[in-house]
Amino acid sequence: MTNLYPDESYCTSDIGRLLFHPKNEWSVTAKVVDVIEVKHIAGNHIDYKIEITCVPRKSIELDDRVFTLTSRFRELNRLHANLSKLHKQLYLRGTFPQFALPRLLGKFDPQVITERRHSIDEFLAFVLDNEVLRKARVLQEWTEVSISSVFCSQFSLC
Numbered sequence: 001m002t003n004l005y006p007d008e009s010y011c012t013s014d015i016g017r018l019l020f021h022p023k024n025e026w027s028v029t030a031k032v033v034d035v036i037e038v039k040h041i042a043g044n045h046i047d048y049k050i051e052i053t054c055v056p057r058k059s060i061e062l063d064d065r066v067f068t069l070t071s072r073f074r075e076l077n078r079l080h081a082n083l084s085k086l087h088k089q090l091y092l093r094g095t096f097p098q099f100a101l102p103r104l105l106g107k108f109d110p111q112v113i114t115e116r117r118h119s120i121d122e123f124l125a126f127v128l129d130n131e132v133l134r135k136a137r138v139l140q141e142w143t144e145v146s147i148s149s150v151f152c153s154q155f156s157l158c
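Mind the numbering: the sequence shown is residues 1 to 158 in my numbering, read in order.
You may find that some hints are simply not true.
FRET-style restraints, in silico, Cβ to Cβ [as the list claims (entries may be wrong)]: (1) 118 x 78: 16 to 22 Å; (2) 14 x 78: 22 to 28 Å; (3) 34 x 126: 19 to 25 Å; (4) 59 x 13: 19 to 25 Å; (5) 147 x 94: 28 to 34 Å.
Since the hints were derived computationally from the structure, they do not count as laboratory data. Just so you know, even glycine gets a beta-carbon here, dropped at the ideal spot from N, CA and C.
Take the sequences, apply the hints, and build the full model.
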């Protein structure tokens, strides 16, 4: 299976299609907005709530789109490893950002959570700024679970 989607028709979600557009058409940013401690019988873990904002650059008629998804650090670490490998294989420009190291103990420590949030923000900013990595199959699959909402601009009626 190929690492990059050849065209927009392979995208199965709205955010996937928006990520396929060039940077000069849609500006895409991501940010960790919340950290949620999830408790299970088998153990606890942290979910990172990530908000991906898509802003049209060439049209005031289109509204900003905001997608929300939650992801565990383990999933984000796997995504980082896959995209880092792809970045290296394709000889893309720029230095791929380092990612916070996984920890078995101390993962609920506020300092560790802050380090991970910063690492996730930096990693997603780099990936979403790269038009080639935005077309990566693993990124597209990771964003498929996002929930969409539309923010109306001041010029349009919703």
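Results of checking the hints against the structure:
1. For residue 118 and residue 78, the hinted distance range of 16 to 22 Å is satisfied, since their beta carbons lie about 19 Å from each other.
2. Our hint of 22 to 28 Å for residue 14 and residue 78 holds, since their Cβ atoms are close to 24 Å apart.
3. Between residue 34 and residue 126 the C-beta distance comes to about 22 Å, which sits within the given range of 19 to 25 Å.
4. For the pair residue 59 and residue 13, the beta carbons lie near 21 Å from each other, so the given range of 19 to 25 Å is met.
5. Distance hint check: the CB atoms of residue 147 and residue 94 are about 30 Å apart, consistent with the given range 28 to 34 Å.
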